[in-house]
Amino acid sequence: MLTTKRFEFYLGMVLKMKNSVRKTFVTIVSIATIIMFFALVSFAIHGFKDKGTHMEYERTLIAENGKMLTIDWEDELDVAFEGKYTVSAKWEGANPSSGIITALSFIDEDGNVLYYVTGDTVDSTSELLELTEGKYTLKFQCFANDNDFHEFVNSHENSTITNDRGSFAANGMSSTNFVISVYQDNKSVISTFILMAGCLGILIGTLLRLGVLRGSGYKSEFDERQQAIIGKAYRAGFTFMAIYLGLFAFLDSSKIELPAEDYIVDLTGIMLGLVIVATITIWNDGYFALNEKKKTTIGVLIAATVINIVTGINNFLQGSVIVDGKLSFGAINFICVIGLTYILIVLLVKSIKDKSEEEE
Amino acid sequence: MKNLKLKAARAAKDMSQDTLAKLCGVSRQTINGIEKGDYNPTIKLCKEICKALDKTLDELFWDEE
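Going down the list, the protein sequences come from chains C and R. With the first letter of the first sequence counted as 1, position 94 gets the number 94 in our numbering; the numbers rise by one all the way through. With the first letter of the second sequence counted as 1, position 5 gets the number 5 in our numbering; the numbers rise by one all the way through.
Next comes chain R alone, as it looks inside the complex (with noise of 0.2 angstroms):
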């Protein structure tokens, strides 16, 4: 399932991609692949997006059904 609160939490911050990846210590690639749903990140890697983000957990990865 895509991450949209990410990738609109990203564009709210005029972030590109790279600039996130590279704030978090990982690549590009691995950033796009959370967007779109491809990639299941590990805890430290949410913390870590969240921290660039200003951003909580809740507000970037909780899925509110």
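If we strip away everything but chain C, and leave its shape as in the complex, we get (with noise of 0.2 angstroms):
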């Protein structure tokens, strides 16, 4: 617990920084509360939000001498928020069979069919339909043989089929809840929740640089020439970044479709930039602060990678690495398995060259 004494402890270490190293630490940690602060009013916005509609319909279906005597029937919906949306359609026909087949339609204000679904008994849910403000028809239809339901599809396919189903019951009856979901797509949520992790980390990352977090005085010391090359490493990943980001831009404006979500994308980036800004300071001796204990740096990493590794392997048995044949949120761990290890592995080709020069 951060105690009264503990919080004027830090006070006044901030207080005795150099000047050069508060107005760092000072604009690095205001920078990212005011990130932190707008993706926290954003995540309270967009979050908290009921952007979505669930709803459910008792139908009792009869089918007699293959008609069906139940009425088709339709629910208005009222889009409120542009966005990419998801329609889940849930029911559960009689068991046995009761040989009727029930089709959603899910139709906009101009009469487009942008997603149905038929079956006795249905669990599916769409792609993301791209949905603007507006009124969308949920149209439901029932059949109870082969020729409406041929016509149904026909209409709704640009193929035509004719083969009988062969499993229209004459007469039937089916007591059915049909479940609809209509949910907004939540990745702004999530890219979101990742810009306050990421500030939490550069926010943590700080504190534990200058030595905030470590107390008794301690801070990280660099010579002149780790910190021009330290330098020389954040305009490197910095200008790879930039370019990363525009290319990413320039592809998205294209409409060209990448195999990973946009998060996915740009964390691959700050990734990227990350690996770019080790391995120069790594490989010129600029790595290690001075005072530095690399031994603890070196299991802080190893320790992040397994806990990156566990999780990782726990979304991929969860299913959430690949979604819709897109890299989702559960390959997260994974990026940062791949660049913890290179990291690691730098370290240790860095080591094993310095003891050969040693050596000589």
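No lab work stands behind these hints: they were computed from the structure. Where hints are given, some of them may not hold.
Each computed PhoX-like pair below joins lysine-lysine, with the alpha-carbon atoms no more than 20 angstroms apart [claimed, not checked]: (1) C:K326 / C:K255; (2) R:K36 / R:K2; (3) R:K55 / C:K355; (4) C:K350 / C:K294; (5) C:K135 / C:K84; (6) R:K22 / C:K294; (7) C:K355 / C:K84; (8) C:K293 / C:K350; (9) R:K7 / R:K22; (10) C:K350 / R:K55; (11) C:K353 / C:K294; (12) C:K294 / C:K355; (13) R:K7 / R:K55; (14) R:K22 / C:K293; (15) C:K353 / R:K36.
Could you use the hints to bring the two separately framed chains together as a complex?
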């Protein structure tokens, strides 16, 4: 817990810092705090605001002599925010099957069918649908014979089917609960979450680097050559990230689909930037401060790698690494593992190189 | 260009790169870089090195053509 005495101690440390260090410290902490504040506000607006609709319908479906007695029905849905949405449909027919097929069509104001699904039992989620503000129609149609079903499918597909399903019952009944959910995609929330986590990481990293969290007057010390190397490395990392993000923006505006979600592409850029900074500083002996305990730092890197491997495997088993053929939220840990492992390998190669040079 | 004068002065004092680095408050690699001519030190560091080796700036860093 941060007691008053400890707070005074930390405050004292900040005040005792050299002017240039204090300016850097205050600037980084201020920027990170401002970004975190806005991310939090954004999270509150986007994350907690209900941008979805959940609908349920209880219907008794009755077919007699191959004709549906139950009348088709439809409902209207208001979409208040433009964005990407998924439509989920779930219903369970009678067991044994009543021989009745229900179809759900999701239709826009111009009458275009954006998504449809059929079956006596259904558990399906659409791909991401780009919806604008406006009214949409949920249309339910029931079929008890092949002709009606063929007519429906042929009007929704560009192909023609004539094969009889052979499973329609002339007479049947099913009490069915239809559950439809239309929810906005939550990727903006995930991006905000990553942004917040990134800022928190920068904040903790800065505090650790400046020694505020280590107490007892610890302060990282780099000599003049190391400081010059660090500056050079940051410049290279920043230039790379600017080019990378520019390229990404170009690809995005050209509507070129990448096999990864946007936030994964962003995070990969950040990780590559960090890797460039780490490589340059390690290779030029600017990575470790003069008073830094190398073994402790390497231990922390190994621990972070192991934690990410374990979490990554868990994500893989839960199927969140690749979703709809794209690298998704669960892939973040694997990206971290690749970056951290690379940094550890560079550290190892550099230490072998140094040892061989010392022996010479 | 290699700084052999610095290397010689250090060897004369039977001092390792690491010891000199600690006396000057820099890393061993920085001293190594100066000796190999890979790094040009600031005047501040040059003075620190001179103090540690009891030499003058001219003796260690003046380039006589």
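Hint-by-hint comparison with the structure:
1. Between the alpha carbons of C:K326 and C:K255 the distance comes to roughly 15 angstroms, so the proposed pair stays at or under 20 angstroms and holds.
2. For the suggested pair R:K36 and R:K2, the alpha carbons sit about 5 angstroms apart, so the restraint of at most 20 angstroms is met.
3. Between the alpha carbons of R:K55 and C:K355 the distance comes to roughly 30 angstroms, so the proposed pair goes past 20 angstroms and is violated.
4. A distance of roughly 13 angstroms separates the Cα atoms of C:K350 and C:K294; the hinted pair therefore holds under the 20 angstroms criterion.
5. Distance check on the hinted pair: C:K135 and C:K84 sit about 15 angstroms apart at the alpha-carbon level, within 20 angstroms; holds.
6. For the hint linking R:K22 to C:K294, the alpha-carbon distance of about 17 angstroms falls within 20 angstroms, and the restraint holds.
7. The suggested pairing of C:K355 with C:K84 is violated, with an alpha-carbon distance near 56 angstroms, which exceeds 20 angstroms.
8. Among the hinted pairs, C:K293 with C:K350 is consistent with the structure: their alpha-carbon atoms are about 17 angstroms apart, no more than 20 angstroms.
9. Among the hinted pairs, R:K7 with R:K22 is consistent with the structure: their alpha-carbon atoms are about 16 angstroms apart, no more than 20 angstroms.
10. Taken as a hint, the C:K350 and R:K55 pair is broken in the structure, with Cα atoms around 33 angstroms apart against an allowance of 20 angstroms.
11. Between C:K353 and C:K294 the CA atoms are separated by roughly 16 angstroms; this keeps the pair inside 20 angstroms, and the hint holds.
12. Restraint check for C:K294 and C:K355: the C-alpha separation of about 15 angstroms stays at or below 20 angstroms, so the hint holds.
13. For the suggested pair R:K7 and R:K55, the alpha carbons sit about 12 angstroms apart, so the restraint of at most 20 angstroms is met.
14. Using a Cα cut-off of 20 angstroms, the hinted pair R:K22 and C:K293 holds, with the two alpha carbons roughly 15 angstroms apart.
15. The hinted pair formed by C:K353 and R:K36 meets the criterion: a straight-line CA distance of about 17 angstroms does not exceed 20 angstroms.
Comparing the model with each numbered hint stated earlier shows that hints 3, 7, 10 do not hold.
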